[in-house]
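Enquirer: Produce the complete structure using the sequences and hints provided.
Protein chains: 2
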Amino acid sequence: MIKIGLLGLGTVGSGVFSILEKHAETIKRKVGTDLKIEKVLVKDKDKQRDLDFDDQILTDDIDEIINNKDIDLLVELIGGENPAYNYIIAALNSGKSVVTANKLVIAKYEQEIMGLAREKGVQINYEGSVAGGIPVIRPLKESFAANKIERLYGILNGTTNYILTKMTNEEREFDEVLAEAQSLGYAERDPHSDISGADAAYKISILSSIAFETSIDLNGVYVEGIEGIELEDIKLAEELGYVIKLLAIAKYHQDGLDVRVHPAFISKEHPLALVNDVYNAIYLHGDAVGDVMSYGQGAGRMPTASAVVADIMQAARDIYYQRPEVDNLDSIYNHDLVNISQVENSFYLRLQVKDKPGVLAQITKIFGENQVSLASVIQKHRLSEIVPIVLVTHQVKEENINKSLTAIKGLDDVISIKNLIRVEEL
Amino acid sequence: MIKIGLLGLGTVGSGVFSILEKHAETIKRKVGTDLKIEKVLVKDKDKQRDLDFDDQILTDDIDEIINNKDIDLLVELIGGENPAYNYIIAALNSGKSVVTANKLVIAKYEQEIMGLAREKGVQINYEGSVAGGIPVIRPLKESFAANKIERLYGILNGTTNYILTKMTNEEREFDEVLAEAQSLGYAERDPHSDISGADAAYKISILSSIAFETSIDLNGVYVEGIEGIELEDIKLAEELGYVIKLLAIAKYHQDGLDVRVHPAFISKEHPLALVNDVYNAIYLHGDAVGDVMSYGQGAGRMPTASAVVADIMQAARDIYYQRPEVDNLDSIYNHDLVNISQVENSFYLRLQVKDKPGVLAQITKIFGENQVSLASVIQKHRLSEIVPIVLVTHQVKEENINKSLTAIKGLDDVISIKNLIRVEEL
Ligand SMILES: NC(=O)c1ccc[n+]([C@@H]2O[C@H](COP(=O)([O-])OP(=O)(O)OC[C@H]3O[C@@H](n4cnc5c(N)ncnc54)[C@H](OP(=O)(O)O)[C@@H]3O)[C@@H](O)[C@H]2O)c1
Ligand SMILES: NC(=O)c1ccc[n+]([C@@H]2O[C@H](COP(=O)([O-])OP(=O)(O)OC[C@H]3O[C@@H](n4cnc5c(N)ncnc54)[C@H](OP(=O)(O)O)[C@@H]3O)[C@@H](O)[C@H]2O)c1
Numbered sequence: 014m015i016k017i018g019l020l021g022l023g024t025v026g027s028g029v030f031s032i033l034e035k036h037a038e039t040i041k042r043k044v045g046t047d048l049k050i051e052k053v054l055v056k057d058k059d060k061q062r063d064l065d066f067d068d069q070i071l072t073d074d075i076d077e078i079i080n081n082k083d084i085d086l087l088v089e090l091i092g093g094e095n096p097a098y099n100y101i102i103a104a105l106n107s108g109k110s111v112v113t114a115n116k117l118v119i120a121k122y123e124q125e126i127m128g129l130a131r132e133k134g135v136q137i138n139y140e141g142s143v144a145g146g147i148p149v150i151r152p153l154k155e156s157f158a159a160n161k162i163e164r165l166y167g168i169l170n171g172t173t174n175y176i177l178t179k180m181t182n183e184e185r186e187f188d189e190v191l192a193e194a195q196s197l198g199y200a201e202r203d204p205h206s207d208i209s210g211a212d213a214a215y216k217i218s219i220l221s222s223i224a225f226e227t228s229i230d231l232n233g234v235y236v237e238g239i240e241g242i243e244l245e246d247i248k249l250a251e252e253l254g255y256v257i258k259l260l261a262i263a264k265y266h267q268d269g270l271d272v273r274v275h276p277a278f279i280s281k282e283h284p285l286a287l288v289n290d291v292y293n294a295i296y297l298h299g300d301a302v303g304d305v306m307s308y309g310q311g312a313g314r315m316p317t318a319s320a321v322v323a324d325i326m327q328a329a330r331d332i333y334y335q336r337p338e339v340d341n342l343d344s345i346y347n348h349d350l351v352n353i354s355q356v357e358n359s360f361y362l363r364l365q366v367k368d369k370p371g372v373l374a375q376i377t378k379i380f381g382e383n384q385v386s387l388a389s390v391i392q393k394h395r396l397s398e399i400v401p402i403v404l405v406t407h408q409v410k411e412e413n414i415n416k417s418l419t420a421i422k423g424l425d426d427v428i429s430i431k432n433l434i435r436v437e438e439l
Numbered sequence: 014m015i016k017i018g019l020l021g022l023g024t025v026g027s028g029v030f031s032i033l034e035k036h037a038e039t040i041k042r043k044v045g046t047d048l049k050i051e052k053v054l055v056k057d058k059d060k061q062r063d064l065d066f067d068d069q070i071l072t073d074d075i076d077e078i079i080n081n082k083d084i085d086l087l088v089e090l091i092g093g094e095n096p097a098y099n100y101i102i103a104a105l106n107s108g109k110s111v112v113t114a115n116k117l118v119i120a121k122y123e124q125e126i127m128g129l130a131r132e133k134g135v136q137i138n139y140e141g142s143v144a145g146g147i148p149v150i151r152p153l154k155e156s157f158a159a160n161k162i163e164r165l166y167g168i169l170n171g172t173t174n175y176i177l178t179k180m181t182n183e184e185r186e187f188d189e190v191l192a193e194a195q196s197l198g199y200a201e202r203d204p205h206s207d208i209s210g211a212d213a214a215y216k217i218s219i220l221s222s223i224a225f226e227t228s229i230d231l232n233g234v235y236v237e238g239i240e241g242i243e244l245e246d247i248k249l250a251e252e253l254g255y256v257i258k259l260l261a262i263a264k265y266h267q268d269g270l271d272v273r274v275h276p277a278f279i280s281k282e283h284p285l286a287l288v289n290d291v292y293n294a295i296y297l298h299g300d301a302v303g304d305v306m307s308y309g310q311g312a313g314r315m316p317t318a319s320a321v322v323a324d325i326m327q328a329a330r331d332i333y334y335q336r337p338e339v340d341n342l343d344s345i346y347n348h349d350l351v352n353i354s355q356v357e358n359s360f361y362l363r364l365q366v367k368d369k370p371g372v373l374a375q376i377t378k379i380f381g382e383n384q385v386s387l388a389s390v391i392q393k394h395r396l397s398e399i400v401p402i403v404l405v406t407h408q409v410k411e412e413n414i415n416k417s418l419t420a421i422k423g424l425d426d427v428i429s430i431k432n433l434i435r436v437e438e439l
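Quick mapping for you: the protein sequence lines, in order, are chains A and B. When the letters of the first sequence are read in order and numbered with our numbering, they come out as residues 14 to 439. When the letters of the second sequence are read in order and numbered with our numbering, they come out as residues 14 to 439.
I should point out that these hints are in silico values taken from the structure, not numbers from a laboratory.
Same chains, same label: a pair holds when it works inside one copy or across any pair of copies.
Calculated cross-link-like contacts (lysine-lysine; reagent style BS3-like; alpha-carbon spacing at most 30 Å):
1. K161 - K35
2. K248 - K422
3. K264 - K416
4. K161 - K41
Expert: Written out as structure tokens, the structure reads:
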């Protein structure tokens with residue numbers, strides 16, 4: 014029998030609890046032995062819970078788990094940086110294997126945690142931390158092991174994808190859709206981490222470090238959220254043949270890794286354009302396998318628990334059969350992160366200008382001086398003295414765009430720059 | 014060092030050879046030791062080959078590999094039933110682990126081969142046998158281990174998907190597109206195994222036996238190919254909101270497994286409808302994970318080699334670190350296969366009838382007598398004395414359709430039944 018210490022009995026923790034119960038027999042057969050949840054750590058022992066269990070297993074004292082020599086496996090599902098990080102480190106130090114779905118802790122402390130697990134000869138599994146039930150970490154480590162991964166695109170945050178989908182399909186503004194998503198439980202009461210792109214940045218950082226066998230400095234990852242996206246941008250995207258998605262991107266270049274999260278125009282025809290609502294997807298290109306995409310529910314109680322229990326089963330089986338841990342996926346490469354100013358993209362730009370002759374000419378002159386060439390220009394119907402201009406550039410370095418925008422902002426006839434969105438050629 | 018005996022240096026074999034060479038250093042690091050191709054079995058040693066190697070490694074004598082005690086791992090890529098099957102059995106018997114991409118041998122002899130590998134404590138990996146580079150076997154065994162898989166749909170044959178895509182997009186007939194596909198190398202000179210659905214049947218049989226932990230009798234799998242699909246059917250599908258795909262299906266029912274391969278109408282809106290050309294996809298539903306789809310290149314030199322080399326690396330690592338093999342995925346369940354006559358579906362039916370009053374009434378009367386109700390009827394423009402009638406039924410047992418068709422064929426005014434295609438509600 015393998016005894017488990019479960020930290021957290023919230024959304025995911027309760028899902029894990031019920032799968033372990035519901036499929037106990039199958040799991041026992043596949044693992045080779047019984048799995049038993051020995052202790053469950055919660056914050057509030059007196060909270061009313063929907064699950065059926067012996068109250069004795071609940072504790073609010075982590076030491077009852079860390080110091081329990083019978084517990085071989087710690088499953089961390091409390092979330093947040095601390096105390097989750099401390100508990101993971103303590104568990105590894107006491108020779109327990111660890112399963113977690115905590116993207117924040119893994120993204121920030123991956124190297125330390127992996128190093129410690131290797132040193133102690135125990136497992137650390139974290140499939141649930143990225144894209145919920147969609148297998149992505151294990152495939153990257155194992156199924157694509159014979160490939161050099163060249164690029165990886167993800168729709169990794171369900172909340173923002175839900176909001177963008179609603180804005181697109183129902184032609185509604187951001188604030189309104191966000192409020193609705195919160196009331197439906199699709200967005201957190203404090204949605205900052207989702208909306209700002211931070212959540213997706215943790216996830217792409219985890220995936221990049223595996224795909225490129227390196228250690229990613231989160232501070233070097235460029236992150237931009239979806240707060241600035243207006244319905245007008247979505248309609249114009251549609252008109253130009255695109256949809257707007259919050260894209261997490263990681264590309265290998267000779268001179269460094271290009272890792273970033275931001276809203277992007279992607280072609281309507283691309284498979285990622287069809288990933289809607291709370292669904293997540295990962296699209297990657299390997300030198301041998303070519304393009305591969307996986308798609309499914311990136312969050313939620315049961316999909317995430319599906320990944321966590323698979324991780325538990327793998328760890329438990331290896332503990333039970335005393336299979337030596339072998340993880341030669343050290344972060345052996347020291348890739349620099351490419352600064353966003355050096356990245357080449359096409360850009361979509363929406364401006365408000367005074368309705369005077371010659372404004373467009375002034376703008377295109379500035380672009381010309383900065384080696385920015387234009388792919389298309391839309392000048393919209395004129396109802397007032399202020400008119401919108403929409404431009405799409407050809408591929409150009411971001412610093413050239415920035416220089417141009419500084420100059421364009423200085424023009425008397427330019428009222429405001431409403432939005433600048435990267436166009437990603439997938 | 015782990016020494017490999019490679020059987021076959023054709024499309025996939027040569028791809029495996031070049032990945033092992035190109036990524037030798039990374040592979041060594043990930044496995045923990047060098048991989049060396051010690052011997053390569055081919056049919057014709059004198060054939061001109063594009064690869065760079067020492068002629069000494071070529072052999073046409075299998076005994077040089079089976080009897081070589083230094084060879085720990087046999088990689089079977091010659092294809093076909095025999096001698097491939099014999100070689101795999103001989104290798105397992107001599108204590109070697111085996112990697113293969115041979116769907117025919119795995120589908121036919123899975124139980125015997127898995128049993129022997131388990132008995133001998135060696136690995137048998139066959140990720141490359143289904144869907145080329147798309148990870149599907151490993152995810153089913155590991156990532157979705159905590160799920161009860163309820164249904165699984167695959168587009169598992171690239172050749173037929175290419176032909177159907179071309180017929181759809183270019184409005185061309187089957188024979189013409191097949192001939193072109195053959196001249197382009199997308200279809201074999203003898204395309205029977207692809208076109209007839211047999212290839213897809215091997216693959217869905219392999220996937221079902223893993224997903225449902227059972228042994229599938231290939232003879233019980235209903236198989237229908239795409240030879241009968243006419244451009245007219247594709248156009249009518251489009252008109253009705255569907256596309257036609259060769260679908261491999263496996264569903265769990267209380268009273269047995271429903272496993273079959275046939276052309277099917279699927280909704281244009283479903284993600285599988287967008288899987289075009291030689292691409293493959295697997296769409297599954299698990300009780301915890303919900304719907305998950307994977308998509309990529311299902312065949313070809315490098316995508317398939319990507320899967321085969323990943324299998325090689327896993328086996329080699331376990332051999333090198335002497336990790337005991339643990340595979341508790343025995344075929345413990347004895348599921349019956351549901352006979353196709355008992356399966357419920359909607360049906361699309363295209364008939365040629367004489368242009369006389371009352372014909373449709375006669376047909377609907379027969380359907381009514383057999384409890385078949387109609388969802389839609391299209392009666393096409395009348396240019397001659399013979400007119401087409403197109404019907405789509407509601408859900409009904411296949412035996413009721415068959416009884417109806419027997420009666421309908423007997424009607425004087427019915428010239429012919431042009432096609433009957435199942436409509437799959439995914
Ligand atoms: N929810 C998802 O869809 C999802 C998807 C992917 C990954 N994840 C990750 O999974 C983890 C858990 O998320 P969740 O949504 O399940 O969280 P949750 O619903 O908020 O549950 C958190 C659980 O941890 C307990 N807890 C919190 N702080 C604690 C502390 N300091 N000491 C002891 N117990 C504490 C809580 O106890 P009480 O019950 O007493 O309050 C609760 O049972 C997070 O890392 C999250 O990022 C979640
Ligand atoms: N091609 C694909 O895209 C693909 C995709 C998935 C799975 N697969 C599977 O992979 C396997 C190999 O396919 P392939 O396309 O690589 O085949 P292939 O191109 O026809 O190559 C077969 C190789 O095996 C050798 N060979 C054949 N019969 C032999 C015999 N009796 N004794 C010794 N050597 C023999 C041939 O030797 P010579 O070179 O001397 O003729 C040749 O090198 C098959 O099981 C196939 O189903 C293929």
